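Student: Letter by letter, the chains look like this.
Number of protein chains: 2
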Amino acid sequence: MLAAPLAQAQAQAPALDEETIDEAEMLMDAGLSSTIGYEVVESLTTEIGPRLAGSEAEARARDWAVAKMTALGLKNVRIDPFDVPYWERGIEEAEIISPYPQSLELTALGGSVATTEKGVTGEIVRFETLADLQDAPMTGLEGKIVFVDEYMTRTQDGSGYGVAVAKRSGAAIEAGKRGAVAALIRSVGTDSHRFPHTGQMRYGEVDRKVPIAALSAPDADQLQRALERGRPVTVRVRLDTVSPGTRPSGNVIGEIPGRTDEIVVIGGHLDSWDLGTGAVDDGAGIGITMGAAKVILESGLKPERTIRIVAFGAEEIGLYGGIHYAEKYAADLDKHIVGAESDFGAGQIYQFQTRFGETKLDRAKEFQRVLAPLGIGPGNNEASGGPDMIGLRGAGVPVVTLKQNGWDYFDLHHTHDDTLDKIDPDDIAQNVAAYAAFVWMAANMDGDFRDPVMMEASQ
Amino acid sequence: MLAAPLAQAQAQAPALDEETIDEAEMLMDAGLSSTIGYEVVESLTTEIGPRLAGSEAEARARDWAVAKMTALGLKNVRIDPFDVPYWERGIEEAEIISPYPQSLELTALGGSVATTEKGVTGEIVRFETLADLQDAPMTGLEGKIVFVDEYMTRTQDGSGYGVAVAKRSGAAIEAGKRGAVAALIRSVGTDSHRFPHTGQMRYGEVDRKVPIAALSAPDADQLQRALERGRPVTVRVRLDTVSPGTRPSGNVIGEIPGRTDEIVVIGGHLDSWDLGTGAVDDGAGIGITMGAAKVILESGLKPERTIRIVAFGAEEIGLYGGIHYAEKYAADLDKHIVGAESDFGAGQIYQFQTRFGETKLDRAKEFQRVLAPLGIGPGNNEASGGPDMIGLRGAGVPVVTLKQNGWDYFDLHHTHDDTLDKIDPDDIAQNVAAYAAFVWMAANMDGDFRDPVMMEASQ
Ligand SMILES: [Zn+2]
Ligand SMILES: [Zn+2]
Ligand SMILES: [Zn+2]
Ligand SMILES: [Zn+2]
Numbered sequence: 001m002l003a004a005p006l007a008q009a010q011a012q013a014p015a016l017d018e019e020t021i022d023e024a025e026m027l028m029d030a031g032l033s034s035t036i037g038y039e040v041v042e043s044l045t046t047e048i049g050p051r052l053a054g055s056e057a058e059a060r061a062r063d064w065a066v067a068k069m070t071a072l073g074l075k076n077v078r079i080d081p082f083d084v085p086y087w088e089r090g091i092e093e094a095e096i097i098s099p100y101p102q103s104l105e106l107t108a109l110g111g112s113v114a115t116t117e118k119g120v121t122g123e124i125v126r127f128e129t130l131a132d133l134q135d136a137p138m139t140g141l142e143g144k145i146v147f148v149d150e151y152m153t154r155t156q157d158g159s160g161y162g163v164a165v166a167k168r169s170g171a172a173i174e175a176g177k178r179g180a181v182a183a184l185i186r187s188v189g190t191d192s193h194r195f196p197h198t199g200q201m202r203y204g205e206v207d208r209k210v211p212i213a214a215l216s217a218p219d220a221d222q223l224q225r226a227l228e229r230g231r232p233v234t235v236r237v238r239l240d241t242v243s244p245g246t247r248p249s250g251n252v253i254g255e256i257p258g259r260t261d262e263i264v265v266i267g268g269h270l271d272s273w274d275l276g277t278g279a280v281d282d283g284a285g286i287g288i289t290m291g292a293a294k295v296i297l298e299s300g301l302k303p304e305r306t307i308r309i310v311a312f313g314a315e316e317i318g319l320y321g322g323i324h325y326a327e328k329y330a331a332d333l334d335k336h337i338v339g340a341e342s343d344f345g346a347g348q349i350y351q352f353q354t355r356f357g358e359t360k361l362d363r364a365k366e367f368q369r370v371l372a373p374l375g376i377g378p379g380n381n382e383a384s385g386g387p388d389m390i391g392l393r394g395a396g397v398p399v400v401t402l403k404q405n406g407w408d409y410f411d412l413h414h415t416h417d418d419t420l421d422k423i424d425p426d427d428i429a430q431n432v433a434a435y436a437a438f439v440w441m442a443a444n445m446d447g448d449f450r451d452p453v454m455m456e457a458s459q
Numbered sequence: 001m002l003a004a005p006l007a008q009a010q011a012q013a014p015a016l017d018e019e020t021i022d023e024a025e026m027l028m029d030a031g032l033s034s035t036i037g038y039e040v041v042e043s044l045t046t047e048i049g050p051r052l053a054g055s056e057a058e059a060r061a062r063d064w065a066v067a068k069m070t071a072l073g074l075k076n077v078r079i080d081p082f083d084v085p086y087w088e089r090g091i092e093e094a095e096i097i098s099p100y101p102q103s104l105e106l107t108a109l110g111g112s113v114a115t116t117e118k119g120v121t122g123e124i125v126r127f128e129t130l131a132d133l134q135d136a137p138m139t140g141l142e143g144k145i146v147f148v149d150e151y152m153t154r155t156q157d158g159s160g161y162g163v164a165v166a167k168r169s170g171a172a173i174e175a176g177k178r179g180a181v182a183a184l185i186r187s188v189g190t191d192s193h194r195f196p197h198t199g200q201m202r203y204g205e206v207d208r209k210v211p212i213a214a215l216s217a218p219d220a221d222q223l224q225r226a227l228e229r230g231r232p233v234t235v236r237v238r239l240d241t242v243s244p245g246t247r248p249s250g251n252v253i254g255e256i257p258g259r260t261d262e263i264v265v266i267g268g269h270l271d272s273w274d275l276g277t278g279a280v281d282d283g284a285g286i287g288i289t290m291g292a293a294k295v296i297l298e299s300g301l302k303p304e305r306t307i308r309i310v311a312f313g314a315e316e317i318g319l320y321g322g323i324h325y326a327e328k329y330a331a332d333l334d335k336h337i338v339g340a341e342s343d344f345g346a347g348q349i350y351q352f353q354t355r356f357g358e359t360k361l362d363r364a365k366e367f368q369r370v371l372a373p374l375g376i377g378p379g380n381n382e383a384s385g386g387p388d389m390i391g392l393r394g395a396g397v398p399v400v401t402l403k404q405n406g407w408d409y410f411d412l413h414h415t416h417d418d419t420l421d422k423i424d425p426d427d428i429a430q431n432v433a434a435y436a437a438f439v440w441m442a443a444n445m446d447g448d449f450r451d452p453v454m455m456e457a458s459q
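As they're listed, the protein sequences go chains Y and A.
Last residue of the first sequence: number 459 in the UniProt record's numbering, and the count goes up by one each step with no gaps.
Last residue of the second sequence: number 459 in the UniProt record's numbering, and the count goes up by one each step with no gaps.
It is worth saying that the hints were derived from the structure and are not from the lab.
Incorrect hints may have been included.
Same chains, same names: a pair is fine if it fits in one copy or spans any two.
Calculated pairs, DMTMM-like style, for lysine to aspartate or glutamate (alpha carbon to alpha carbon, straight line, at most 20 Å) [what the hints assert, rightly or not]:
hint, residue 1, residue 2
1, K422, D221
2, K177, E142
3, K365, D451
4, K422, D408
Computed from a predicted model, the values in this text were never measured in an experiment.
Produce the entire structure from the sequences given, and follow the hints as far as they go.
Tutor: Here's what the structure looks like:
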């Protein structure tokens, strides 16, 4: 009985008027029946293909993005350039030398140092988990090849990734400290195909850098079975990686100009790993967000706030694009109403997650209710907003994660097999519909997503 | 009304007595609960891995088979050696040079000649089917790279393969006749993963041999999309294949000796392509047939006829083992009651196909009824018996195909991804159960599967 007046006191006027909701619903319908999201990914993955951060292919991808954004009708299309450290893979090969000679399929992790041209050879010492390696004595691994065979759990929300990915850096660091000559890991992935999964690793402040590569799941299984037979297993690994210095990268930006100086920003990352054509990671995010913009442009509606689309550069190797964006637009961040990056494939969105001020959670509900016909339910208020929102999130800009079904995402993630055929046109259309409606509502609602206290603190 | 006496006149005494049927049922139960089939494949694929015909690895596989057959308790274990032409793949790489530079994933077909070390470069000319290429004018392809983009149909019985596989040889032959510098095909396979499918090709009597390779399905899609954009697409292909002459191969044979000089023969092929570890093709056939023998040996039963297990060598490159077997045992073929090779993966058996004399079709029904509890229904009388039964079949030896569900088989066939994790232990146990019961019944039944007329003709 006491709750009623309290709730009334906290209740705010709705952020969305009927007209905005009607427009959002119209945009959802248009998005669902549009093929533009798929077409954009098709164009990027076909005409550019793999586009490693700092590579000549990533530069071509920027030119592609400028042309595509312009053709779609975006305004103020521009490149924000920056430099990144460049790393490239060369020949990579491995084989069991004894007792069961045969080749193994692996791939260097991004940032790994090279072996010599002849490769390194050593006896395999297997650890079930990274924690086991971390707990291992500091002696006994000299001259050996460490193998961290930790598995990743398949989940809809991708939560298995954060746990499993620690070994990408950790295995090399711990192996190096203990005098090992190389480190191998079971790929950070959920498939059982013969595709190793790459991804960035970092040595941190180690005295000794050892080369590190990921085995495909069937090859990790094979090594495990070879070891179970009880005889010493010797493996040769060759990785011809190179790190020739810095190279240009950049963000590509386009806008649907609004009537105010406030900004709603969405995007994906333009770079990909070098193995696949970067369809689900993250051609999809580029297609979804450019596609959402196109659906709005085709509607003829004019937003109150500027809708900004960003194709971030060099996400994979260290979130360079996201960090650069927040630095370059630091002075404008208080004008940023909300940000969201799509970077989890092209699976259907099932949840509307937010990171809003505590007093603005009603607005998350308002938005979610409009999106509900797409099958999108309410989410928590702990959204990351996507990796390239790191700078905005850190600066207190509210962010949203339109949470996608990631059940299959880590089957493909960072492999040769991340190609266009893995994207379902209907699924990506649902994403386009959701982003179009979300960004339209954010650009036209009354007020914002920040707590008033936070606003005052920043003044 | 007239049919009844006629049917009675044709009806023969049952081939199987109650005791044999009871024993077969006991063997099926034992097979279903045995893990031996899986264990044999696990051992072969782990301890040997890929075992290309004529390679040193195939020689190690023969030693493995001798040791494994002996350990299982088979008698008269021996190697029948023969020589085969050897071919090996080297570096293989391809890339779109223009207008959309990026690498393509392909693999040389077995028997393909090499390119030069720099590779060959040419404009792609695409044909939807091999028939379209065969119908093409004899001029206009000089200096070009022919791309035969024909699809394979997914079927349970694998019938899509026979149609699709024609392009493996045909594309190179037709391209060479027309002055092209190389041929590419969409892989003969049903998956959409980034695995090219290899397999043997033959130039026949051509004047000009051009190199040929298979693109993975996603890469064939990519090339198709690049071409659809209407600009000339130039590709570079490098294949460092070598054909250094003949090398040793051989069949490995083991037996459960019977009381008569008659023989029932089952087997699989020991060699595999070099890309995967040959689990479904054809480690499974080795595991199923050695496993069936082990289940019989463990039962303590002694067969009337000798049960012979053959691990055929060099099947992939031209059925050398099957042909050699029929030649070496030509004088004994009239003592061969029936033959069957398992070479279609490890999927569950769903049909009992035969190639029996027309007067012995009742016996197919008798056998099928015993196998029915395993989910095995009646099949036609046009069984091939498996590829290495080619010589026996040609000599009129009755053959059986225990037809497996091949729905997924051509997803893996001849790819890097043919590895142990693709075999379901329960499915392979069903195969072991069926082979154990089938071979037991054939070794102990009254009479045989041949038409009396045929018998007379061969005397
Ligand atoms: Zn990503
Ligand atoms: Zn990524
Ligand atoms: Zn085979
Ligand atoms: Zn084969």
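Student: State for each hint whether it applies.
Tutor: Comparing the hints with the structure gives:
1. K422 x D221: For K422 and D221, only the inter-copy Cα distance (12 Å) is at most 20 Å; the intra-copy one is 25 Å.
2. K177 x E142: within (9 Å within a copy, 59 Å between copies)
3. K365 x D451: Classified as within; 16 Å inside a copy, 79 Å across copies.
4. K422 x D408: both (10 Å within a copy, 18 Å between copies)
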